[in-house]
Amino acid sequence: MKRLQTFLKALKNLPPWANWLLSLVGVLIVYPMFIYTIDETEQVMITMLGGRAVAMSVGSFIPGEVDSVRLAMVLEWNSKQDEPYKIITRTGLHVKWPWEFVRKYPDQFLEYDAEPRDLMTLEKRHLLVDDYTRWWIWNPILFNKRCQTVNGARNRLDQIVYSNNWQIVASYPFKEIVRSTNDPIMTKETHQWETITKGRVKLLEEATLLSRKDSYGLGMYIGDVRVMRTDLPEVNAVSVYRRMKAERQKIAEQWRSEGEAEKKKITSDANQLAVAIRATAYNLGETIRGEAEGRATMIYAGAYNRDPEFFAFQRGLQALEQSFASNKEVEIYLTTNSEITRLIKGLSKQAGL
Amino acid sequence: MIRWILICFILYFVFKVLPELLRQIFGAFSSFNFDEDDEATYNRLNTKFEGKTGRINEDREEFRQFQLLKEQKERHEKSRQKAANRAKRFTRLAWIVVPIIIGVIVFAHSPIKIKNDEEAIRRRFGHYIGNWDAGWKWRIPFIDKVDKVATQSQKQLMMGMRLLDEGPPPDYERVDSEALMLTADENIVGVERVHQYRITNPAYWVFNVNDPEGTMRDADQAATRMIVGDNGIDEVMTIGKFEMQARTKKTYQEILDGYLIGATIVSTFFQDVYPPVQADSAFKDVATANEDKLKVINDGEKFYKKMIPSARGDSAETVNTAIGDAKQRIEYARGDSASFVQQWVKYKEAPEITRKRMLFETLTKLYANHRVVIVDEELKNLLTHLNLKEGKGVDK
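Note that the protein sequences, when read in sequence, are chains A and B. So for the first sequence, our numbering puts the first residue at 1; every next one is plus one. So for the second sequence, our numbering puts the first residue at 1; every next one is plus one.
Hints may contain errors.
[Unchecked claim] Restraint ranges, calculated between C-beta atoms of paired labels, are given here:
1) B:E243 <-> A:R278: 16 to 26 Å
2) A:E291 <-> B:T364: 38 to 48 Å
3) B:E301 <-> A:V275: 37 to 47 Å
4) B:I7 <-> A:L209: 46 to 56 Å
5) B:K302 <-> A:R278: 52 to 62 Å
6) A:Q81 <-> B:K16: 39 to 49 Å
7) A:Q81 <-> B:V146: 36 to 46 Å
8) B:V14 <-> A:S163: 52 to 62 Å
It should be emphasised that the hints constitute simulated quantities derived from the structure, not laboratory data. Keep in mind it's a predicted model, so treat the numbers as computed, not measured. From the three backbone atoms N, C-alpha and C, an ideal C-beta is built for every residue, glycine too.
Starting from the given sequences, assemble the full structure and let the hints guide the process.
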């Protein structure tokens, strides 16, 4: 009691500047009770002493201006409420009563990146799908009612997005998830592509719309759900690598054998051509020789036919000479009746013997 | 909520402590205990002993007490006076000094420097009020929030690869987790890519997306994988690269625009497009196989180039030889015939004699070069004794 009294007396007797200081401190403490700000990246919900909500702000993706699309969404919802809330559209400085509490939520595209999950396609093939969701809070009061915090929202989002994705993926075959269009880049020699009915883009749109519908009532607006990766589960990946290797090996083998075949063709052509060339040459040569032989014969005949007897005589003498000339050892036996002995006899007679 | 209660508690204690502090510092209150009770006692004793001079015998205790109190009061008054003076001086100083301090703090937080390649996004109490270009600008501290965004500089986003060392030459490292993706023909290929982009709407960049850089990475994954998943591995690795860059850029931009992120992709480049390491050797072998094929065909052609000219050479030789032989044959024939004719002409002039002469000439040659044995005709039986076959003769 005494302390209180001294305390109060002390307060009364403060020097004037201390008064100012204390007043300033007081103001600094008190002003947030009457004033609050809404940043461009925020949207707020005003409650009575942390209990019932009385007002909320509408965020905007157009900095500094009112986003008419979002405003329309909020107004439409607000009109259906039993007690429509007060809607604040401006950012910046605002005033309030001390018993009104401000709860802030982000007014941005928020991310949600789930763990890669195993999904199954229509033909029961497995895919590891890693998708992300970009979403934003369109209604802070509703969001606060259903999810309370952004982290709480992520749990709900996970369930909604996963189940919708699962549903969509299971309704379509594998190729629809991997491919997007019916117009891939073609090279001349490649495969015929099967046509797809929808493709990844349209499938994701469907899944997004489903998830958006499911999460709209929670104050969340899902902008899009996109696939960051589709991978084959490890087991399948191994078999894919094996298949890729085998495909390439086949191509390599094909090229090598093409090369060999080409080489064989070239060499056999070469051989054939060489033989043909030589044969033709031989043929020509023999023809020439034959022709020459014929002419020679004609020349001989032309000469010898002038006097066949003389030719025979001369040829006889030549033959005689040549047949003996080849072998010097041969002895010649002459009888006394031969020409030479008769000649000798004749000549001796002529000589008078 | 709890925050406020805590603050109230703190402030309550501060209020309690503050006067004590002030008391300590300035002795604004008497360091001598001279409170209201003492004041009352003094007053009572004062009236009692007022005017009483001289010796006071009774109430000697009280008188002593009175004198003590009187001293205390005087000291109290003096110290209070001193304190009041000190306070006055301090107040005067404070009126000068405190505004100066506040002024300095405000002044120090006010100027903002915006670099040449930046733009600043300004908010007042959170409300967007506009942009500033480069230069030194003044702002209201603590109330105005200024975010600087590099809008002129061209930024680079590398996916599937990381810069290890700027070099030169620059050294990169692959990031398989970002690069490996599925193709339309269910193959796996790694795509390293680089995007050049600029922030064209800095207000969007600051406000609309919670983590702009992260969003850009995620959107790239979505766009690239969508395009690559639409095409076959051969196209991705070879001729389709150029077209795919264009498609990826377009899709990427569409996705980003959907987020109102305020960035524009200037260009997209695919760097290395590679097969996964598990199949790498098989892919390399295909290139080797092509080289092998070309080499083998080249060998064949070399063989051809050797074969044919050689054959042609041989054939020319054959023909030339034949021609030569043919000529020779004919010339010989001509020569022989000419010689015969000449002889015959001469022979015709004296046939009998020439015939005899020719015979004798031949026989002479014959007998000159060989051993001649003359045998009597009468010895008809001689032939049976001679072994003509063996060429042995009877030596006569």
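Here is how each hint holds up against the structure:
1. Evaluation of the 16 to 26 Å hint for B:E243 and A:R278 yields a failure: the beta carbon distance comes to about 56 Å.
2. Judged by the Cβ atoms, the range 38 to 48 Å given for A:E291 and B:T364 holds: they are separated by roughly 42 Å.
3. At about 19 Å, the CB distance of B:E301 to A:V275 disagrees with the hint of 37 to 47 Å.
4. For B:I7 and A:L209, the Cβ-Cβ distance of about 47 Å falls inside the hinted range of 46 to 56 Å, so the restraint holds.
5. Checked against the hint of 52 to 62 Å, the C-beta distance between B:K302 and A:R278 comes to roughly 20 Å, which is inconsistent with it.
6. The hint said 39 to 49 Å for the Cβ distance between A:Q81 and B:K16, and at roughly 48 Å that hint holds.
7. The beta-carbon spacing between A:Q81 and B:V146, approximately 39 Å, falls within the hinted interval of 36 to 46 Å.
8. Checked against the hint of 52 to 62 Å, the pair B:V14 and A:S163 passes, with Cβ atoms roughly 55 Å apart.
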